[in-house]
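Number of protein chains: 2
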Amino acid sequence: MKRDSGWPECPIPKSDCENILLAHGSGGRMMHQLIDRIFVEAFGTAELREAHDGAVLQPGSKRIAFTTDSYVVDPIFFPGGDIGTLAVNGTVNDLAMCGARPMYLSTGFIIEEGLAVEDLWRVAKSMRDSADSAGIRIVTGDTKVVERGKCDKLFINSAGVGVVEHDLDIGPSSIRTGDKIIINGDIGRHGIAVMSEREGLSFQSDIESDCAPLAKAVLRMLDAGIEVHCLRDLTRGGLATSLVEISQTSGYNLRLNESSIPVRDDVRGACEFLGLDPMYVANEGRFVTFVPGDNSDEAMEIINSESPDTSSSVIGSVGEKSGALVLIQSIIGAERIVEMLSGEQLPRIC
Amino acid sequence: MKRDSGWPECPIPKSDCENILLAHGSGGRMMHQLIDRIFVEAFGTAELREAHDGAVLQPGSKRIAFTTDSYVVDPIFFPGGDIGTLAVNGTVNDLAMCGARPMYLSTGFIIEEGLAVEDLWRVAKSMRDSADSAGIRIVTGDTKVVERGKCDKLFINSAGVGVVEHDLDIGPSSIRTGDKIIINGDIGRHGIAVMSEREGLSFQSDIESDCAPLAKAVLRMLDAGIEVHCLRDLTRGGLATSLVEISQTSGYNLRLNESSIPVRDDVRGACEFLGLDPMYVANEGRFVTFVPGDNSDEAMEIINSESPDTSSSVIGSVGEKSGALVLIQSIIGAERIVEMLSGEQLPRIC
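Here the protein sequences line up with chains F and E, keeping their order. Per the working numbering, the first sequence starts with residue 1, numbered consecutively. Per the working numbering, the second sequence starts with residue 1, numbered consecutively.
Here chain F stands alone, though its shape is the one from the complex (with noise of 0.2 Å):
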């Protein structure tokens, strides 16, 4: 298939089948020319086209990182990317939080009878799309198809294999005292703009996902000998409740300033309408970095020069090792603790 000149149409016509079958989860024949048709023709992977059912690879003798995460956004697509970006980045998100190089992918589909299958061509073409623009590649797969009213249009589960190529031990026990906290742009966006699109709302301004992969700056940081403590990209619970969980497992207290954690005016906005806090809502592609402060400005440096729509900020530091409290201090200069999220906020936002 040839990319460069753009994506073709959708390999199977709406005159030969429009919609996803049973038959097309059955092992049998329609499976083989949907996985053809559809995955291996968006994929475009050698291992893929192997028609096995596992990959054989050679990552090097290095460790290795894995991880996976299933994905129900509802709805599939929303403003800013879809179910296949959010699958292939949010994977991609988590390996990079290893400070892993990411590798492999495996992705296992689990499809409502009825779906339209150029909705799964839509899907499939960002998921390689994301992974091009990642670096990783699409190696195994599963296909799975259940009666209509069992699933909800399209569930997605990715894993991911990483190498780990430094030998910093990089998590929350390795945070200390004195470290800075930085945030690579703004929060909230990703769970405002699926909110949006669920409910039927709209906003003065577009308020598309932050969605991204976020492996680059790990790698180019960990390249330049920075010396990262602990990163975690803030997807369900947002940034307090990443926050909150780094500081239960380190025990550590970390002190927030909210005057330095942005948030765009029209996500504000939305969050206000909608009785969100921002501090809650999920993001996809935003992450924390804990590096010592003689760090911090080339850390930023760096995540700045690999996203250049946004701008990094130290948002607080850690304080000393004792009550494993979130603090922030607000506008006004109160001080508070954050809390983790207790119940539901935005349900299937990834």
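Any copy will do: because identical chains look the same in the list, a pair fits if it lies in one copy or spans two.
The list that follows gives simulated cross-link-like pairs (lysine to any residue, SDA-like), each with its CA atoms no further than 20 Å apart:
(1) K62 with V163
(2) K125 with Q33
(3) K14 with G343
(4) K62 with E165
(5) K216 with D169
(6) K216 with L168
(7) K14 with I35
(8) K216 with D129
Derived by calculation from the structure, the hints in this document are not laboratory data. Nothing here was measured: the structure is a model prediction, and the numbers come from that model.
Once you have looked at the hints, place chain E on chain F.
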């Protein structure tokens, strides 16, 4: 948790929370409790306790195998197993079919709001028991909850990583004229067990799923120096579909003797009652091995010693490289062509 003295009661008492809520998929406090009290308790893996989104692993300098499958079986509990047994053994078996030693498993849960927590605990226990039997470790996972009616109780994706310790190229392209085709036991039990449970049918004898891990038999054949040309587990589409795949990928004709293909009388009876051909019914613990003729006795001896409750058979051999047909000699002597399953025979049997 002490497993020597058997499994404890469900760690979340009914008085605390009887059914899954949307909030269990929120990324917040309730999801953390669910993961800690059900999955970490059952799986007991150090990497999961680290509450990180991915696991960093050290498989050594070998080639790795990587595979994924989603499980949507209906019902989630059936004679001889449940969706958890399937999710572990199915992925272990896909690794084994690459000739790989199963090492690490990921698991992604998509849960319908309202599922009994007790049922989730039962499935998690099955997964741990199956993982222990197969010698694989569950190292990373993900949990999503969707609204009532948006999935069917529980779907599980598992992805697996294994190490390849041999230098053989195992796959359809390695088969040769004269290779014997060995099956490790009788066919059709898994599909019939699930179908009879789903439809509330009862047959004269209990037909239990054949669900079982296959890695040990495969690894022992490789360790013994048997020249394994191709391996394939017989899941959706059954024996017929797997052999047609191998024939079409390799270009060789495969010649089978119907009388040597083991089918239990009760399974044959159930198939007749349901209008099914056992050649197309799914299995979850059956595989075919292609080996040179002079290796076949030793291969069968090893396979039999690893699964004492079944017996392997030579069901046919590889013919000439032309036509890419699967030909079966019937009990009365007539030869017919075996086709791939077209359409859907038994939906959601895995």
